[in-house]
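Asks: Now for the letters of each chain:
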Amino acid sequence: MRYRQPEPRRTDDGSKDEKRFGWRLIRVSHFAVKVWGAILLLLILAVVGSILYARSQGTESIIARVIGLARRSIDQRIALITASPDEKELVEQRFATLTFVSGRVEIQRATDLAWKSGQDGMRLASGDRVRTFASARAEVGFDDGNVLRIKPDSLIVIGDLTENVRTKVRKSSVRLLVSSIEADIKKSVVRGSQFRLEMPTATADIDKARMSVEIRPDKQSQVSVYSGQVALDTGSQQVQVTDRKTVMISALKEITSPENLLPAPRLSAPKPLETFPSATGGVVIPCTWDPVPGARAYRLEISADRFFDKPVVSRDDLRTGSFMTPSLGQGVYHVRVAAIDAQGRTGDFAEPVPVRVVVDRQPPFIEIQKFVVLQTGRGREVLVNGRTEPGATVSVGGRPVVVDETGYFSAVLKGLAVGQAEMEILARDRAGNLKTLLQKVQS
Amino acid sequence: MNARLLLGVLAVLAAPLPGCRREAPVAPLEKLETAGDGFYAAGEYEQAEASYRKALEIGAQRPRLQNNLGDSLLRQGKTGAAQAAYRKALEQDPEYLFAMNNLVLALYRGGERDAARQLLAKAQMNWPQVSFFYSTAGYLHYLEGDHPAALKAFQEAIRLNPSSPAALNNTGALLLENPASDLDPLPYLMRAIEKDPDNVLFRDTLGWYYFKKGMFAEATIEIGKAFLYDPKNLEVRVHFATVLEWIGKEREALEQWTKVLELADDERVKRLAHEHYWDLQGRGVTAAAN
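Listed in order, the protein sequences are those of chains A and B. Mapping of the first sequence onto the numbering used here: position 178 corresponds to residue 178, and the numbering continues sequentially without gaps. So the mapping is simple: the numbering used here equals the position in the second sequence, first residue as 1, plus 1000.
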């Protein structure tokens, strides 16, 4: 860092500033010394207590925060002084957004010491802090599609959020204090853009990755990369962590050898955006997925919200590649599944599949357009065609007939029993509702 | 999706024209030119053509006027006349790159694909740093079904100009249609919206991405905005109806599907609307009273 040297201030007579200062006798009472001494002692105790308490909680003390603010302010001033006019114009500040909040989530602005309740849609700027309390979750969305999901009992600081006006290169960084997060970092549009996670003992530069980071109170960090690539740097050690690998970083900045994580199972059912009609108000959804070699069990979650904040189904004891859900009521659901390895580690979740359950208590309509009974040499035959609800099945006289995608059906039925006076036409929609119609068969 | 990619072309056609020659202002000429631009922006291409022609009759040698006349003609499907106008613009200014790009499109639409390709290759060779030539190349690759080549060309356009909304949107749309393992459409779509927030098709593409990902609240916002901006756009209406169904607004969705059935010419769209219409009717959903 370059500092600008201050110029000596000169007076008219050419004398230096120090010549204007001299010794002077000041009298202070004994009582005042005692009072000020006590105040000073209390202040020292408060500072030490705050630091010790914060350390025991694994968070940052107010004092450290004040010092941090002051240091950042000084750094900014130094940067303003030392940067060339061109550089200052080149960088533009960006914003992130709090896209989801559940439970007690608080925000502390970079310019404010007070913590305020976090709300959906709140804008976050460089230096802002987000903390989640027990059972709380938050999601931070960045303007380039990157997402950070913050789990309970976490504290993060939004770092750099800049864009170079000329090259459009974006730099984003997030500082993780004691926290547990998941990150979905997408490959940037502009080469040279960077997303960095700063942990207490290492930095992680991410080009494109789906990953999770857990920073424990003892400053050990676990970094799991489900897909993509992450460059870890502790200052003394650099390691590339790639697809389906997990490492631990110790408080002494040592990175363990990468261990394997299981891949995400592929959900073959339900299909994305599939609709399940129900005549009763609830429906059982069959879920199947391809088995993952090495999986001890599978974790399946179904939630009404895409953040899986409050899953309606959460099972981690599934041994096979299929599961029948309990009856699910009307609404939209998101289904996801992951494999669990022998050490009990959960691998990557498959891309969540959105599905919906709709209530359909209305029987399908049957519209007969033609119903003709013919007397032929081989006996009586019926020519029938008509329309029903698309997706319904139709049977005529107990025999299934083909229904096209628009609901149109047509059939010729032969060999009617002698004396048969009526024929039943039955339609069943996808929800299971039935509609029957009786047609007279007198030629 | 084709319509969305077409936007790459439209963006170029409708773009302001930096670097064009400015001559001493002539009041009636300026008025006619402004009127033509206004008609063009309002989609009244015949009137725009008339204004530009009148302006040219006054006698000014303005490549910009010729280019704009070509745009009005191309919009009306008069590819031959459009080509002639672009050629005149290039005669007046051989380095008028917008006119050159537009001539490529006019040639391609007029069935002269080889000539279009040759002209584009020449332009790319002479001006390798001009991003919109790569956008156009990507669009032509897309039309020919060569999606990998289209993606490569769009990405090159973005490399040269990271603020090109059309190239950004087209890359996103292409990735949405043909998922690639290492690229996600979202960063491209978000950047495109940043550069052109009022663009209906960009909003719709982003909304459709959200819908496919099960992000229904976000999808409703984006597609809802696109629908408000341009209710005449049938593709946007189809997406809007679909999203309404998924967020439980079934009566409103039925109204939209009914409207799609009324307006659609395309058999594929009609079949889709029919399917949804009967599905909703079959569940006892009735349209909201007006």
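No lab work stands behind these hints: they were computed from the structure. None of the values given here were measured: they were computed from a predicted structure. One or more of the hints may lead you astray.
As the list claims (entries may be wrong) - Under the rule of at most 27 Å between Cα atoms (straight-line distance), these lysine-lysine pairs were calculated in the BS3-like manner:
{"hint": "1", "chain 1": "B", "residue 1": "Lys1195", "chain 2": "A", "residue 2": "Lys168"}
{"hint": "2", "chain 1": "A", "residue 1": "Lys187", "chain 2": "B", "residue 2": "Lys1212"}
{"hint": "3", "chain 1": "A", "residue 1": "Lys171", "chain 2": "B", "residue 2": "Lys1152"}
{"hint": "4", "chain 1": "A", "residue 1": "Lys271", "chain 2": "B", "residue 2": "Lys1270"}
{"hint": "5", "chain 1": "B", "residue 1": "Lys1213", "chain 2": "A", "residue 2": "Lys271"}
{"hint": "6", "chain 1": "A", "residue 1": "Lys208", "chain 2": "B", "residue 2": "Lys1249"}
{"hint": "7", "chain 1": "B", "residue 1": "Lys1212", "chain 2": "A", "residue 2": "Lys271"}
{"hint": "8", "chain 1": "B", "residue 1": "Lys1152", "chain 2": "A", "residue 2": "Lys208"}
{"hint": "9", "chain 1": "A", "residue 1": "Lys271", "chain 2": "B", "residue 2": "Lys1152"}
{"hint": "10", "chain 1": "B", "residue 1": "Lys1195", "chain 2": "A", "residue 2": "Lys187"}
{"hint": "11", "chain 1": "B", "residue 1": "Lys1270", "chain 2": "A", "residue 2": "Lys187"}
{"hint": "12", "chain 1": "A", "residue 1": "Lys168", "chain 2": "B", "residue 2": "Lys1152"}
{"hint": "13", "chain 1": "B", "residue 1": "Lys1225", "chain 2": "A", "residue 2": "Lys370"}
{"hint": "14", "chain 1": "A", "residue 1": "Lys151", "chain 2": "B", "residue 2": "Lys1212"}
{"hint": "15", "chain 1": "A", "residue 1": "Lys310", "chain 2": "B", "residue 2": "Lys1212"}
{"hint": "16", "chain 1": "B", "residue 1": "Lys1249", "chain 2": "A", "residue 2": "Lys310"}
{"hint": "17", "chain 1": "B", "residue 1": "Lys1270", "chain 2": "A", "residue 2": "Lys208"}
{"hint": "18", "chain 1": "A", "residue 1": "Lys171", "chain 2": "B", "residue 2": "Lys1195"}
{"hint": "19", "chain 1": "B", "residue 1": "Lys1152", "chain 2": "A", "residue 2": "Lys151"}
{"hint": "20", "chain 1": "B", "residue 1": "Lys1225", "chain 2": "A", "residue 2": "Lys208"}
Asks: Does each hint hold? Answer for all of them.
Replies: We went through each hint and held it up to the structure:
1. B:Lys1195 with A:Lys168: holds, 12 Å
2. A:Lys187 with B:Lys1212: This hinted pair holds, its Cα atoms lying about 19 Å apart.
3. A:Lys171 with B:Lys1152: holds, 24 Å
4. A:Lys271 with B:Lys1270: The hint holds at about 24 Å.
5. B:Lys1213 with A:Lys271: holds, 12 Å
6. A:Lys208 with B:Lys1249: violated, 37 Å
7. B:Lys1212 with A:Lys271: The hint holds at about 12 Å.
8. B:Lys1152 with A:Lys208: Judged against 27 Å, a Cα distance of about 19 Å means the pair holds.
9. A:Lys271 with B:Lys1152: Violated. A:Lys271 to B:Lys1152 sits at ~31 Å, over the 27 Å cutoff.
10. B:Lys1195 with A:Lys187: Holds, at about 19 Å.
11. B:Lys1270 with A:Lys187: violated, 38 Å
12. A:Lys168 with B:Lys1152: holds, 19 Å
13. B:Lys1225 with A:Lys370: Not satisfied, since the Cα-Cα distance of roughly 47 Å exceeds 27 Å.
14. A:Lys151 with B:Lys1212: With Cα atoms ~25 Å apart, A:Lys151 and B:Lys1212 stay inside 27 Å; holds.
15. A:Lys310 with B:Lys1212: holds, 22 Å
16. B:Lys1249 with A:Lys310: holds, 24 Å
17. B:Lys1270 with A:Lys208: violated, 40 Å
18. A:Lys171 with B:Lys1195: holds, 19 Å
19. B:Lys1152 with A:Lys151: violated, 38 Å
20. B:Lys1225 with A:Lys208: Measuring from Cα to Cα gives roughly 30 Å; hence the hint is violated.
Of the numbered hints given earlier, the model fails hints 6, 9, 11, 13, 17, 19, 20; all others are met.
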